[in-house]
Amino acid sequence: AQSVTQPDIHITVSEGASLELRCNYSYGATPYLFWYVQSPGQGLQLLLKYFSGDTLVQGIKGFEAEFKRSQSSFNLRKPSVHWSDAAEYFCAVGAGGGGNKLTFGTGTQLKVEL
Amino acid sequence: DSGVTQTPKHLITATGQRVTLRCSPRSGDLSVYWYQQSLDQGLQFLIHYYNGEERAKGNILERFSAQQFPDLHSELNLSSLELGDSALYFCASSRWGGDPSTGELFFGEGSRLTVL
Chain A
16 AQSVTQPDIH ITVSEGASLE LRCNYSYGAT PYLFWYVQSP GQGLQLLLKY FSGDTLVQGI
76 KGFEAEFKRS QSSFNLRKPS VHWSDAAEYF CAVGAGGGGN KLTFGTGTQL KVEL
Chain B
21 DSGVTQTPKH LITATGQRVT LRCSPRSGDL SVYWYQQSLD QGLQFLIHYY NGEERAKGNI
81 LERFSAQQFP DLHSELNLSS LELGDSALYF CASSRWGGDP STGELFFGEG SRLTVL
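Those protein sequences? They're chains A and B, same order as listed. Residue numbers 16 to 129, in my numbering, belong to the letters of the first sequence in order. Residue numbers 21 to 136, in my numbering, belong to the letters of the second sequence in order.
By construction, these hints were calculated from the structure, which means they are not laboratory data. These figures come from a predicted structure and were not determined experimentally. No residue lacks a Cβ here, since even glycine has one placed at the ideal position from N, Cα and C. The reader is advised that the hints may include incorrect statements.
DSBU-like cross-link-like pairs, simulated, lysine-lysine; straight-line CA separation at most 35 Å [what the hints assert, rightly or not]: (1) B:Lys77 to A:Lys64; (2) B:Lys29 to A:Lys76; (3) A:Lys83 to B:Lys77.
Covered by chain B, per the in silico footprint, the following chain A stretches (three or more residues, Cβ under 8 Å) [claimed, not checked]: (4) 53-65; (5) 119-126.
Here chain A stands alone, though its shape is the one from the complex (with noise of 0.2 Å):
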């Protein structure tokens, strides 16, 4: 069965700096992978996903995130945090053939200090 491991459950970054959640995930085959954001009160928005190709994968708002195969991680970066990213991230991976199932991380909440 697959699964997302999110290490950091709490971050703080001043804004303007440069930020990155990592994600480790187990999965046996080629995975699809996602990075979601949660603001508070709202739903799960995607900003990005990787199904093959480059592994270089870039999103909305400025993130980008790179697939690492050897080190079953999908880390999420942006180059300059704004206020405005504050808010929950969420990792989650996919299994091919037969369904939409998505496994998610536990979640990294995201603090921007001014």
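Fit chain B to the known structure of chain A by using the hints.
Then chain B, alone, in the frame of chain A:
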């Protein structure tokens, strides 16, 4: 706005009661997924329906049931409620129901259930 509508947004009820949560997917989406988000369990997949048929089951209790109607809206029924059922229940929809590479999930804003 994701285009996925969930009602009610908030619901407070007592233990032992039964509630129904409703989800209207995005126009044209055939798949509906239900997820439960709680502080101790995180985001847990409950069940997936595609075009009216159940496609996959996750950690859904026997006290819970769901269905997807011909107009593609879905309902999640929670019965014999316990304190531990208090959570945020999300519905998500997608165009198709197979491989996740065929499309992303669009999430509603959730229904917050409080069991007292």
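Quick check: which numbered hints come out false for this structure?
No numbers; nothing is violated.
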